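Sequences listed follow chains F and X, in order. Letter 263 of the first sequence, counting from 1, is numbered 262 in numbering that gives the first Met the number 0, and no numbers are missing. Letter 156 of the second sequence, counting from 1, is numbered 155 in numbering that gives the first Met the number 0, and no numbers are missing.
Among the hints, a few may not be true.
Reference excerpt, derived from the structure (chain X facing chain F, CB under 8 Å, subset only) [said to hold, decoys possible]:
(1) Ser-21
(2) Ser-58
(3) Val-68
(4) Thr-247
Calculated directly from the structure, the hints in this document are not laboratory data. Predicted model only: the values in this text are computed from it and were never measured. Glycine included, every Cβ here is placed at the ideal spot set by N, Cα and C.
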Amino acid sequence: MYSLVENLDAVNKWMERYGVRFGIYKNGEFKEQLFPFDPIPRVITPEEWAYLEKGLAQRVKALNMFLADIYGEKKIVQDGIVPEAFIYASKGYLPQCEGIRPPHSVFSHISGIDLVQALDGQWFVLEDNLRIPSGASYPLIARTVTRKVSPETFTSNDIEDNRDYPALLKKVMDSMNVNGGLNVILTPGRYNSAFFEHSYLAERTDSTLAFPGDLVVEDGRVYYQNFSDEKALVGAVYRRVSDEYLDPMVFEPDSLLGVPNIMQAYAAGNVAIINTPGNGVADDKGIYYFVPKMVEYYLGEEPILQNAPTYLPYYKEDSDYVLANMEKLVIKDVSEAGGYGVVFGKDLSPEQLEELKKLVIDEPRRWIAQEVIYFKDLETMEDRAMVYRKADLRAFVLSSADDTVVWKSGLTRFARQPDSFVVNSSQGGGFKDTWVMRENPSAKV
Amino acid sequence: MKRFSFRYESSVALNAPVTTHSWLLRALPREEQFQRVEWESLRVEAALPGGGTVEIPVSTGADAFGNRVQFGAILQPHMGMSMVAEGRVWQEPYRICGAAHGMYGAHTALTAPSSAMLAFLRELKLDTSNKAELASRIASAVHERMAYQPGVTGVATTAAQAFELGRGVCQDYAHITIALLREAGIPARYVCGFLPGEGATHAWVEWHDSGAWLALDPTHGRAVEYGCIKVAHGRDSTDCPVNRGIFTGRAMQRNSVSIKVEEQ
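All chains should be built: construct the whole structure from the sequences, respecting the hints.
Structure below.
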């Protein structure tokens with residue numbers, strides 16, 4: 000690991016060559032910047048990983064069952080576990096998806112579960128991302144680069160190889176593919192913040208990278224047509240275009256990023272869409288509260304992973320607590336994503352606290368409140384010096400027809416400011432590789 | 000039981016050739032308990048740049064609201080497109096038995112009521128025990144309050160904006176009525192269809208009580224009568240447009256629609 004620190008310049012040069020970039024919007028302007036990489040990895044022990052792996056697979060299975068239920072029978076609502084108000088008023092609930100049963104009933108094929116580790120070592124899930132979560136390519140490339148720069152690091156340590164991500168992703172696409180046609184990765188284009196990842200994954204999974212306009216629906220099927228007049232049948236679309244832009248015939252009518260009538264092809268079973276549209280109803284910040292209950296309800300098991308202690312002002316008891324303790328809580332607007340709309344009570348002036356309390360009273364459904372988790376700082380290099388920074392972990396869980404697999408790595412994002420808790424890349428954070436250590440020390444890479 | 004014939008004719012004329020023209024129609028009647036299709040046909044044609052037309056294959060399916068959809072794409076260069084849907088339906092008195100899906104109780108971006116609308120609803124001082132009375136009073140209050148005027152609102156106009164304006168067309172009347180019904184605890188949905196006689200598409204409202212959907216026409220301030228042919232429904236107008244299309248190319252388009260419904 001220390002040879003990596005010494006070779007940081009070489010690592011960074013390679014990263015630049017690979018074009019490891021992340022686009023952000025700042026003051027309305029699009030800027031593409033290098034995603035800052037820190038050479039000191041997050042290290043997860045075999046015991047910790049065994050626990051996380053089991054808990055993550057369990058959680059994602061329950062979330063997939065929840066999505067099948069919500070767009071189907073809605074038993075969890077009828078049985079009073081999740082109030083109706085949290086479904087139909089949710090921005091993530093898309094009635095246009097009612098009754099559609101995707102291939103093998105998998106809705107969230109690629110799930111990004113954000114976790115943090117508290118000071119005492121306890122892990123907490125902060126957020127589920129079931130709408131085409133991004134970021135897997137960064138640790139993947141970081142590993143490729145660091146192996147190149149310091150091969151001995153990986154021969155002298157028992158680190159799980161993470162370079163199987165494209166193979167796992169390809170397996171998902173192949174198992175969902177409905178007709179043996181092309182696997183396609185649909186990108187909104189090169190100005191998307193994750194374009195780098197789209198093109199990288201297409202190349203590594205042997206998929207066709209499609210731009211808006213390359214896909215067309217004819218006779219109820221999806222075809223890829225590029226410069227030639229030849230049309231190729233498409234069997235699975237891993238689309239990195241968000242739901243609202245996916246099909247201008249059904250969603251945002253002005254969208255030029257989508258594929259007109261793809262929803263008809265999908266509803267008829269003529270194409271798989273990865274991840275399925277409408278998944279936002281299950282990763283809504285308000286629905287998060289109910290995920291442990293889903294695990295019990297659908298699987299009849301005790302939830303292995305814990306949520307951060309969360310309060311829903313929707314419930315009277317929780318509302319009272321939130322209003323009385325707002326200064327020590329973190330308040331989140333359920334309609335915002337990516338670190339936006341997150342407010343720490345301790346940072347607010349008395350006037351601002353009163354203002355926020357009023358908003359919570361007026362629109363209780365819009366907010367959740369959580370206890371602040373003081374998470375473990377990770378060692379990070381800053382200008383050649385070792386400093387400690389807050390970090391989270393996005394674990395990737397891949398669901399195919401017959402199994403749910405947790406990728407033995409993940410994206411560790413850290414805050415660049417010493418006192419910041421916000422690690423999102425859209426807020427200027429950096430990233431680290433995540434090393435999952437092997438059980439058996441005799442098994443060398 | 001009564002029998003009606005319908006004919007929906009729509010065309011897009013372009014001043015330059017375009018390609019990759021995708022379209023989605025909801026131009027054929029829904030099969031409902033009160034409405035049965037006796038026969039129907041749909042023909043879609045593209046106008047070729049050199050003159051002449053070519054028939055375009057039509058795919059059929061259903062959307063998540065249970066509406067029938069007809070869709071396809073014209074990939075070759077063309078100067079226009081025409082669609083003719085026609086047929087005959089049998090109708091009984093308007094009533095659809097069944098449960099109300101929870102989505103019809105929740106507001107959408109187009110039907111979220113403004114505070115002025117909420118005040119308007121309070122001032123009606125409605126008796127909430129009689130749902131039928133409540134629904135019909137809301138629809139007639141909207142009819143009284145609004146003035147019918149085409150051209151002042153558009154497809155993206157919200158119920159709140161149209162209410163503020165005090166003017167609009169059937170879509171606006173329907174959105175405002177739906178907003179107030181939902182606010183009063185009555186599930187409501189937007190219906191798109193054809194009116195007896197000649198004209199354009201029309202919008203009305205279905206509301207739910209005691210296991211059945213019934214209809215009101217706030218634009219005309221009355222119940223929905225025989226000969227109103229139901230084509231589609233949804234939470235609001237964006238869920239069930241009769242005709243949506245998108246093409247690649249630089250061209251100005253001119254659209255025309257004509258609809259005719261007659262008792263047989």
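Let me know if the C-beta of X/Val-68 comes in closer than 8 Å to any C-beta of chain F, holds or violated. 6 Å, holds
Is the hint on X/Ser-21 kept, meaning its closest Cβ partner in chain F is under 8 Å away? Holds, about 3 Å.
Restraint: X/Thr-247 near chain F, CB-CB cut 8 Å. Satisfied or not? 7 Å, holds
Hint check, X/Ser-58 versus chain F [nearest Cβ-Cβ separation less than 8 Å]: Holds, because the Cβ-Cβ distance from X/Ser-58 to chain F comes to roughly 4 Å (cut-off 8 Å).
Figure legend: structure checked against the earlier numbered hints; every hint is met.
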